[in-house]
Structure formats: C-alpha cells, structure tokens
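Student: Single-letter residue listing:
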Amino acid sequence: MNRLLALGVCVLLAACQANSKDQVLAANASQVQLRSFQARAFDTTDRITTLRTVIATLQDLGFVVDKADDVLGSVSGTKLSGYSLRMTVTVQPHGASQLVVRANAQYNLQAVEDPQPYQQFFSALEKAMFLSAQEI
Amino acid sequence: MRGLWAISLVVAVAACTPGIPKEALQLSQESLQRRQLQTREFDTADEASILSASAGVLQDLGFNLDESETHLGVIVASKDRDATETGQVVGAVLLGVLFGTVPPVDKTQKIRVSLVTRPIGAPANRIAVRVTFQRLVWNTNNQLSKIEAVDDAPIYQQFYDKLSKSVFLEAHGI
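The listed protein sequences derive, respectively, from chains A and B. The first sequence begins at 1 in the numbering used here and counts up one residue at a time. The second sequence begins at 1 in the numbering used here and counts up one residue at a time.
I should point out that these hints are in silico values taken from the structure, not numbers from a laboratory. Careful: at least some of the hints might be erroneous.
[What the hints assert, rightly or not] Once the Cα atoms are required to be at most 27 Å apart in a straight line, the calculated DSSO-like pairs of lysine-lysine come out as:
(1) K67(A) with K162(B)
(2) K67(A) with K127(A)
(3) K146(B) with K67(A)
(4) K107(B) with K146(B)
(5) K110(B) with K165(B)
(6) K22(B) with K127(A)
(7) K107(B) with K21(A)
(8) K107(B) with K79(B)
(9) K165(B) with K107(B)
(10) K162(B) with K79(B)
(11) K162(B) with K110(B)
(12) K79(B) with K22(B)
(13) K79(B) with K165(B)
(14) K22(B) with K146(B)
(15) K110(B) with K79(B)
(16) K67(A) with K79(B)
(17) K67(A) with K22(B)
Just so we're clear, the structure is a prediction, and the values are computed from it rather than from any experiment.
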C-alpha cells in the first residue's frame, strides 16, 4: 500500500515541470492541430469589415478590447468574470477570395488548447458575419 | 502514512487546475441584453467626430487613453482609483475587535474601458457606439480580490447622457 502511494506521488510529480523556463515555447497540441481549430476561412476579402465584426463579436462575448491594429489585422481583448480570459484574433488574406480568421486564447495561466471554446467563438462570429466559417 | 496521503492530495490538486468554463465563449440571452444596454446609435455618418467626442467624454471621466485605432473605431482607456468601501472597512474593524485579526479590505482598482464605433447602413447614415467597462480590484494584502465586468445599467445610461452632451458640444464647437 505504502509503495503504491509512493509510486502514485512519483508519477504525479513527474507530470509537473522541472524548469519553468520551458513554458516559453511550450504547447500541448501540435502546430497543425492548433491551427485546425483556431483558424477558419470566410468567403470575403473585406478585411476592415471582418475586423470590425470580430471586435463586435468579442464585445458580445463580454470582452473589453485591449488593442486593435488595422495594418497587421489583429485585435486583442480581455474578459474578466472571476477569471481572466485573454484572446488575440488576427485576420489575414487567404488566396484571392478569402480571409482567414485565427484566434488564440489564454485562460488565467493556461493556454486554451481545447477545440470547443474556439468552435463557440467561430459560431458567434459566423452569425455576426452572415457568412459560414470554413475549416481550412 | 497520513503525511503521504496529504502530500499526494496536494500534488493531485495542484496538477488539476480547472480549465476554461463552458459558457465563457458562448453567446447567451444575456449577451444580447448586454449589447442593448451598452450600445447607442447616433444620427450621423461622421465616425471620426463621434470618436473624438467619445475620447472627450472619457477624458471628462478621468480616463487616460491606452490605445486608439481610428480605422477600426476603437478607443481603449483606463484609470486607477481608490476602491475602499466604508461598509467593508467597518466590517473588517468589527471582526478585528471580535477575533483579533483584521481581514484584508479592498484598496485600489483599475477600471478599463473599450469604446467601439461602427457605421450602420449602406451607405452608412448612423454610427453605433458600444462601450464596455471592467475592473480589477486589489485588497490591502495586494491580492486581486475582484476581476469583473461592470454590468450596471445606470452606469451605461449616465455614460451615454454624457456622450450625447459631448457630441452636441463638439458639433457646436464648444
């Protein structure tokens, strides 16, 4: 019994980090996997309207905008609701007739690497865009 | 033995910090009500003048501008203020008298606001303004005691009363 407990503790400890600097480039999901649920394509080339719609959607979801840049096509916002949820959304041209919207989020001290919150974000965004969000 | 149990429990708890809540990015009925509360429309196509009137009101309210992006109609501002509440202090002093330890009370707060303008109609003949406030409160132990959105209707009503006045003043060059 004692041995089992000790083993359990060791396994749990091994899951913890040895060097906190590892967090700098840490990600749990692969690049391809992350992009597959963080990015969607829309059939429009109007960047400014898309950026404005992204901002409106963030406001709908309770975010306060931190920064917006129309040249880079990026918007960041923070939602405070007993927790802190920070999100950056970028809008980039994709081919001749599409734009790609990419989002990434951090919840308190963790990266959000779960597909579901992003699906919810894009479902709110596609309603506001009156266009469907397509997987790339 | 008991010590081991305690250690493994602590480690297990530390390893499983809760993830993002399911409703965090979900549109709800309240999101729409909040949108109505936080939005007003102005009968003008001049987005720049509405933005500058808005910046004026934020300055009237003591905010400093952190960011602005005119092409997207975004202004971000914040202010740091006192967060002491008399009721809380009285409660803390009473607890101190009764139990000998004074719990921390709210001390300072950072209030953040983003204001976004959006032309409506094609061609645009109105400008919608949506403002959202949030705040972070620190207590006397320098710990974050509140991080929240400000959703009180009177705050938004008062803000838009002031904005209407500012739009009028700027239109008349006052």
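Student: Each hint needs a verdict: does it hold in this structure or not?
Tutor: These are the hints, each one checked on the structure:
1. For a cut-off of 27 Å, the pair hint linking K67(A) to K162(B) stands: about 25 Å separates their Cα positions.
2. With a C-alpha separation of about 23 Å, the suggested pair K67(A) and K127(A) falls inside the 27 Å cut-off, and the hint holds.
3. Between K146(B) and K67(A) the CA atoms are separated by roughly 23 Å; this keeps the pair inside 27 Å, and the hint holds.
4. With a C-alpha separation of about 11 Å, the suggested pairing of K107(B) with K146(B) holds against the 27 Å cut-off.
5. With a C-alpha separation of about 26 Å, the suggested pairing of K110(B) with K165(B) holds against the 27 Å cut-off.
6. Pair hint K22(B) plus K127(A) holds up; C-alpha atoms about 19 Å apart against a cutoff of 27 Å.
7. Straight-line distance between C-alpha atoms of K107(B) and K21(A) comes to about 33 Å, which puts the hinted pair past the 27 Å bound.
8. Taking the CA atoms of K107(B) and K79(B), the gap is about 14 Å. The hint holds against a cut of 27 Å.
9. For the given pair, K165(B) sits about 33 Å from K107(B) by alpha-carbon distance, which is inconsistent with the 27 Å threshold.
10. Using a Cα cut-off of 27 Å, the hinted pair K162(B) and K79(B) holds, with the two alpha carbons roughly 18 Å apart.
11. About 21 Å separates the Cα atoms of K162(B) and K110(B), which keeps this hinted pair within 27 Å; it holds.
12. Distance hint between K79(B) and K22(B) is unfulfilled; the C-alpha atoms sit about 31 Å from each other, more than 27 Å.
13. Under the criterion of a C-alpha separation no larger than 27 Å, the hint pairing K79(B) with K165(B) is consistent with the structure, at around 22 Å.
14. Between the alpha carbons of K22(B) and K146(B) the distance comes to roughly 21 Å, so the proposed pair stays at or under 27 Å and holds.
15. Between K110(B) and K79(B), the direct Cα distance comes to roughly 6 Å. Compliance with the 27 Å bound is thereby established for this hinted pair.
16. Taking the CA atoms of K67(A) and K79(B), the gap is near 16 Å; set against the 27 Å cutoff, the hint holds.
17. At most 27 Å may separate the alpha-carbon atoms for a hinted pair to count; K67(A) and K22(B) meet this at roughly 25 Å.
In terms of the numbered hints stated before, the structure departs from hints 7, 9 and 12, listed from lowest to highest.
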